[in-house]
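Participant: Sequence:
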Amino acid sequence: MSLHRRTRILAAAGAAAALALAGCSTDDGADDATGATEATTATATSAGESEEAAAGVTLEDGYIKEKPADKPMTAIFGTLVNNTDADVEITGFRVEGLAEGTVFEQHEVADGVMRKIDGGHTIPAGGSHELVPGGDHLMIMNNDEALEPGAEYTVVIELSDGSELTIDLPVRVQPSGEENYGDIEGHEGYEEGMDHGDIDHGDMDHGDMEHDGDK
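As numbered in mature numbering (1 follows the signal peptide of the UniProt record, and there is no 0), residues -22 to -1, 1 to 193 make up the sequence shown, in order.
Read the hints as simulated data drawn from the structure, not as lab findings. These figures come from a predicted structure and were not determined experimentally. Even for Gly, the Cβ is constructed at its ideal location relative to N, Cα and C. Treat each hint with caution, since some may be false.
[Said to hold, decoys possible] Taking CB as the label site, the calculated pair distances span:
#1 G128 / D65: 32 to 38 Å
#2 D65 / T144: 17 to 23 Å
#3 E126 / V81: 16 to 22 Å
#4 E123 / I145: 15 to 21 Å
#5 D122 / A64: 37 to 43 Å
#6 P148 / D89: 31 to 37 Å
#7 D122 / E38: 28 to 34 Å
#8 T144 / D89: 31 to 37 Å
#9 D96 / A124: 29 to 35 Å
#10 E108 / A64: 18 to 24 Å
#11 G79 / V59: 29 to 35 Å
#12 D63 / D122: 38 to 44 Å
#13 I145 / D63: 19 to 25 Å
Turn these sequences into a full structure, and let the hints steer you where they fit.
Facilitator: Right under this line is the structure:
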């Protein structure tokens, strides 16, 4: 075999080896990139699950019922969801930015009577608790401000496990048919110097309601 021919064969072999090494390097790089992507995705998923788990209690579809300035009461509605394995009680709540002197109470309807409850609403472990017109709700009282549709307020809900749920809630018009409390007794004479015979609580029409604690 001539020297020239042998040189060409060696050169070709060297080129093939180089291509093989390059291919291995590319495959390794692709594998590394794929592994990194999968690791990032797994980390993001884990972080999302941890964040959801950290949110022990959430308020789904929450809103504040709109009211004009001459109506001193309104309420917060929605579905409280407990993502923990223990019952959680609402120990208090507030709406930031409302006038000084605004009163915040937890109310229920029992035997046709609307009243302030002792303690607070309890959200069962892994369950939910509905805040609805004519049922349990978070009451905003003694407020002479107009809460207009489209506005948004920060609500802070204090929980028995020492945590707080802070959420921005919109002000909405009560859906038609959901504001009628019928003959439920509830809030007459409750606020200072005011006759609650005409006050509504869902538009908020309580008619001749009484507050159970004031009979």
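Participant: Against this structure, judge whether each hint is valid.
Facilitator: Right, here's what the structure says about each hint:
1. G128 / D65: 32 to 38 Å: holds (36 Å)
2. D65 / T144: 17 to 23 Å: Hint holds: Cβ distance 21 Å, inside 17 to 23 Å.
3. E126 / V81: 16 to 22 Å: holds (20 Å)
4. E123 / I145: 15 to 21 Å: holds (20 Å)
5. D122 / A64: 37 to 43 Å: holds (39 Å)
6. P148 / D89: 31 to 37 Å: holds (33 Å)
7. D122 / E38: 28 to 34 Å: At roughly 30 Å between Cβ atoms, E38 and D122 fall inside 28 to 34 Å, so the hint holds.
8. T144 / D89: 31 to 37 Å: holds (34 Å)
9. D96 / A124: 29 to 35 Å: Given about 32 Å between the Cβ atoms, the range holds.
10. E108 / A64: 18 to 24 Å: holds (20 Å)
11. G79 / V59: 29 to 35 Å: holds (32 Å)
12. D63 / D122: 38 to 44 Å: Given range 38 to 44 Å: holds, Cβ gap about 43 Å.
13. I145 / D63: 19 to 25 Å: Between I145 and D63, where Cβ atoms are some 22 Å apart, the hint holds.
The structure fails none of the hints (numbered hints given earlier).
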